[in-house]
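Student: Protein chains in written order, with my numbering: chain A, 1 to 355; chain B, 1 to 355; chain C, 1 to 355; chain D, 1 to 355.
Worth flagging that the hints you see were computed from the coordinates, not collected in a lab. It is possible that some hints are incorrect.
It does not matter which identical chain is meant; a pair holds if it fits inside one copy or across any two.
Unchecked claim - DSSO-like mimics (lysine-lysine), calculated; alpha carbons at most 27 Å apart, straight line:
#1 K288 with K271
#2 K242 with K288
#3 K242 with K312
#4 K242 with K297
#5 K316 with K242
#6 K312 with K271
#7 K312 with K288
#8 K316 with K288
#9 K297 with K271
4 protein chains.
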Amino acid sequence: MSADSESGTPTRSTSGPPTALTRRPTTEAAEEILGGYFPVLDHGFVSLIDYLGSDESVERAARVSYGYGTRQTSATRGLIRYLRRHRHTTPSEMVEVVLHCSMPMFVARQWIRHRTASVNEYSARYSLLPLLFYTPSSSEFGLQSSSNRQGRADDAVSEELYRESLDRWDRTRQQSSENYGWMIEEDVAREIARIDLPLSTYTQWYWKTDLHNLLHFLTLRVDPHAQWEIQEYGRVIAGMVKRLAPVSYEAWIDYQVGGDVMSRSELDALKLMVQPGAEGAGLQSGEKSMLDPDELKALGLSPREAREFVAKFEPKPVPEFDLDLSVMRTAEEVRIEMESAVPSASRGKASDGHA
Amino acid sequence: MSADSESGTPTRSTSGPPTALTRRPTTEAAEEILGGYFPVLDHGFVSLIDYLGSDESVERAARVSYGYGTRQTSATRGLIRYLRRHRHTTPSEMVEVVLHCSMPMFVARQWIRHRTASVNEYSARYSLLPLLFYTPSSSEFGLQSSSNRQGRADDAVSEELYRESLDRWDRTRQQSSENYGWMIEEDVAREIARIDLPLSTYTQWYWKTDLHNLLHFLTLRVDPHAQWEIQEYGRVIAGMVKRLAPVSYEAWIDYQVGGDVMSRSELDALKLMVQPGAEGAGLQSGEKSMLDPDELKALGLSPREAREFVAKFEPKPVPEFDLDLSVMRTAEEVRIEMESAVPSASRGKASDGHA
Amino acid sequence: MSADSESGTPTRSTSGPPTALTRRPTTEAAEEILGGYFPVLDHGFVSLIDYLGSDESVERAARVSYGYGTRQTSATRGLIRYLRRHRHTTPSEMVEVVLHCSMPMFVARQWIRHRTASVNEYSARYSLLPLLFYTPSSSEFGLQSSSNRQGRADDAVSEELYRESLDRWDRTRQQSSENYGWMIEEDVAREIARIDLPLSTYTQWYWKTDLHNLLHFLTLRVDPHAQWEIQEYGRVIAGMVKRLAPVSYEAWIDYQVGGDVMSRSELDALKLMVQPGAEGAGLQSGEKSMLDPDELKALGLSPREAREFVAKFEPKPVPEFDLDLSVMRTAEEVRIEMESAVPSASRGKASDGHA
Amino acid sequence: MSADSESGTPTRSTSGPPTALTRRPTTEAAEEILGGYFPVLDHGFVSLIDYLGSDESVERAARVSYGYGTRQTSATRGLIRYLRRHRHTTPSEMVEVVLHCSMPMFVARQWIRHRTASVNEYSARYSLLPLLFYTPSSSEFGLQSSSNRQGRADDAVSEELYRESLDRWDRTRQQSSENYGWMIEEDVAREIARIDLPLSTYTQWYWKTDLHNLLHFLTLRVDPHAQWEIQEYGRVIAGMVKRLAPVSYEAWIDYQVGGDVMSRSELDALKLMVQPGAEGAGLQSGEKSMLDPDELKALGLSPREAREFVAKFEPKPVPEFDLDLSVMRTAEEVRIEMESAVPSASRGKASDGHA
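Bound conformation, chain A alone (with noise of 0.2 Å):
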């Protein structure tokens, strides 16, 4: 591997891949943003490398049929939201995206717990890192939320003690920069120098999954429970998704992202206040016009049950995840970007050998 190659970054300095015929199904909305960078927290990206299929795939393998381009659009829609509807996930695994990122490695850590899928992570044991570190804006830095054990709260934090922390973290960064500078100097293996950098250090992989598995993936990452930074990560990606197989997309928004489960006692209270419409259609009223915590209580809900209960008829905005292209980077810049922040050593250069 050349020094080049150093950082997991590109060599070419063209604007993107070269355009080649296919009669493999295409997206143009897809098409448009492949291999353009998109820039997430502050020095990490999401890159859509390679795809495969579309909403119509979803519909062929459904239909175990193919001659795609044959149903109008009507006829796709409904049955993807079917599928999507009554959880009939398989088809939805025969469209792929491969993706190109860098993330603090706490958010690798995070991420990594989804299994179905493939990972080629940048090697710290092989290659010097680029020294990168996550600093959170001082809109994003939170103090522990009392009501969620392992979330933020909402309230502004003073302004001296975000001054502080970044101080501390520069201080940090800078010496675990240093120390690992000096090791690599001194030649002491890869493995051993890199053990002190801190989790704030941005890792790359290469990430493939399914269109079933991402959006399960999105669904808990774009979640207001995830963490903040990995919601980030979320978002650019479910706006990738929207260009790749946006009525897929749609569907996932209207019965996963805006939807919510009951439980059965829920919907023995529900039963309580709405009913079937005369000859079953439509809905009305129901034989009780409240329900108090003490019925919530004696229909089997816990006091937090019966919170995230009442919770559910709260307006909740549902999100659009679109991206903004004017952001869009391309490899070269990343890869300038990167390799400019990777440690110079002055020995350990050899050709990767495998010949």
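Position chains B, C and D relative to chain A; hints supplied.
Tutor: Here is chains B, C and D on its own, set in the frame of chain A:
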């Protein structure tokens, strides 16, 4: 492999496995049925062969702690219900079951679609098959449903049609059995001799999976949309889960089996009829006291979705799955039935020769 | 679903999918066969429906880099061979194929055991099955092997035995077909009507997997120990891989198909006869010029292991897998054959009603 | 969750789990270590928390039979060795282990790449981390290898370089610890406070996998090419497998650890020097008594491949993995060490509130 093991069933005549001392988590209600055979359909069975873990193992994994035996049931129950309600499913992967099952091949073909499981199936390339076939009873013999393209209508079928079907099945099976026996006698390769046995022929396997994947399997397979025959297996296995991990079972009944999902549009509709009570506690009627089909359509529900939505407010019986211990058979009884259904071949009784 | 799609085959009459421009990696030799149908056995087929990636994608993933088109073939080849030799398999997960296949159900049951794949199979609960059955040719009709408990002997089988078998198959299939047609005509639920079709009935599916898992599948399925019928599928698919990823294919032939494993005792034996040359370059004879069965036994090899060991030094033809493009059929031809084998039912032609 | 469980360790003071009667397969040598903690590296550990199955379970699954306790060891051994020799791996999925492990995060990041396993990791979003860091001993502190781009050289490192490295690590860790403690004290969200802890920080998890996947993990992780630190974990876990399933362990040593693969070209070369004996029994010298580098090249071996080939005939020590029971610690001892390393925070001690 000796002739005894041709049928894939045991050669021991005792009533169950011997007991030993263990320091592993042990569940009495599961031990009670361990190694017992529960009949399913006319010749099938399910037997709990081995298990690992318990409700407490789920809790300990969630707490990344151990020292089981120290938490009170109430805390375990609250945590397990919380996990299931919020689809935090990884801790339930810490419980595992091993089942020995026999089912018609068309059922086996549905079952095997669940990929996250370990399977060792009886090999008809290697061994002779017991010639046992599944015959639907008259109550389960049904016409094609007109509303559900992959199901049965509820209407009764004429006695005459059922009789004629039985006769036809009998003739096919007799012929297939005779051909199989003849080919085996002529020493035709077993992997060829079996190719014209019908899909109703029983096969058997060891099947091992974890509680998370098992509950997902059961959610789909005890659902009325699953083919009735596989539902029968689901109901027996659900009864086993109830004994092995009763708290997880109860949470599954309350949040999955007895619950339902609501889409974005369905929630929008509900919020018109139901809203949080004063001060956010409890529920009260909303701005609308009824919603007719046109209003549902205006909210984005297709006619089919509207029908499905209204149906969610109809009474829905929530099943209880209990094993009937009086029908439990010994391994020995089952072995004899299987073995006596294997055609007697005068050749091919060599040892397995692995030495 | 319209009546046209009953057979699961396409409704388009053109000779293949249309072409479009793409910036994705594209392989000409794969494009050439895209959407073409290769016959397997008497009524089966395999068609490459879609693909993602190429040999260069494997290389880029290994380098966690992209900018394809910049590396010379020699470097790609050296790296890919290195990866395969050392079983670094994750980069080959970056190539994906989608196949449309039709095979007898007893073959499908072996195939589906490979779990890391996505499958959408023709549903006989939902649709009517084409009544096509597999008949072994006389050259593949064999007796039970005496040395291999799950295989066929090489000896020729009498013409008489084969004829009689054909007659018996014909009778069973005619009867099964008639019964199926009759039940469909009587409007018996399809999921019941199909239960006595023989295992030789053809089914079909979309099957999607990645190159790593595909090569593992092929290693097992082009092996002489696999049932001959599934080997036939393996050989056609291997020919497709050769076109899609020729360097990976060649490495697989050299390191898996044409290679072998040696156990600790086998290596101990070999080291007695072969040793490193002077100065560690090349090989030279060791201390022994022969090893008799007793000496092999003394080295820990059981009689069976000793036979297997010696057999590794016998000539072993290494197969080449090449597609015969002259037999490639169009989707339309295949559709017509399938469709004309579906029993004509006068009922049950409703729309799929997903709207 | 109480303050006690902050460290993810147990609150019981007894010496191990209580015993109970079970009818499940039980292995005495595994019971002996159940719940005991084996130290790895300076602060890590592995403990066998639970297990399912035994060598006999593998055999029974292969026979799709049960009635364990009836086969003699010799038959079990012959079958299990046959299965492993021929890579029939599914029966070994019938054994399962649950481990509680603690390791530095850079090791955890390598470990988690094995996807077919269940994991519940200590959450640093939710809980406070024990501030324990891994420090390589001087014997494991190495320079970058020049022959292996991702490993360490064997050469000794100067005492001075090691001392300086220790000092630098100490300073970074002290600073990181102080910053973490300060942020926790200021009530900064835990998910933010932890982002600058170094990769050498210990984490812990429950890890559950089956014997097939475990042996695959061990094959890769006790290999000298794996990072030395994860090898240490592999060696302890291999010692646990030896107790739980000794016959499977022995077969793994003989066929995987102590064996090797030969490519097509390597076999071609070998066949020139070694050939089957007269009448196919035993081996005898072939037509060549030596092969020099040029001849190996002519057979298709690249210079690197030729070196790797010759190296296969050098003496190769085959490891034995035995647990040292004298170092086994109780859960209680480990809990105390972990807990005392958690920074004492004066806030955030709320209950987990799942009720």
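Student: Against each hint, give a clear statement of whether it holds in the structure.
Tutor: Taking the hints in turn, this is what the structure says about them:
Proximity of K288 and K271 under a CA criterion of 27 Å is satisfied in both settings, with 9 Å inside one chain copy and 16 Å between copies. In this homomeric assembly, K242 and K288 never come within 27 Å of each other (Cα to Cα): the closest approach is 42 Å inside a single copy and 34 Å across copies. Taking identical chains as interchangeable, the C-alpha atoms of K242 and K312 lie at most 27 Å apart only when both belong to the same chain, with a minimum of 26 Å there against 30 Å between chains. With identical chains, the CA atoms of K242 and K297 are at most 27 Å apart between copies only, with a shortest distance of 25 Å across copies and 41 Å within one.
Only within a single protomer do K316 and K242 lie at most 27 Å apart by alpha-carbon distance; the minimum there is 21 Å, versus 36 Å between protomers. For a Cα distance limit of 27 Å, the shortest separation of K312 from K271 qualifies both inside one copy, at 15 Å, and across copies, at 9 Å. In the homo-oligomer, the alpha carbons of K312 and K288 lie at most 27 Å apart both inside one protomer (19 Å) and across protomers (18 Å), since each shortest distance falls under that limit. For the identical chains of this complex, K316 and K288 are neighbours both inside a copy (25 Å) and across copies (19 Å), given an alpha-carbon limit of 27 Å.
In this homomeric assembly, K297 and K271 come within 27 Å of each other (Cα to Cα) both inside a single copy, at 15 Å, and across copies, at 21 Å.
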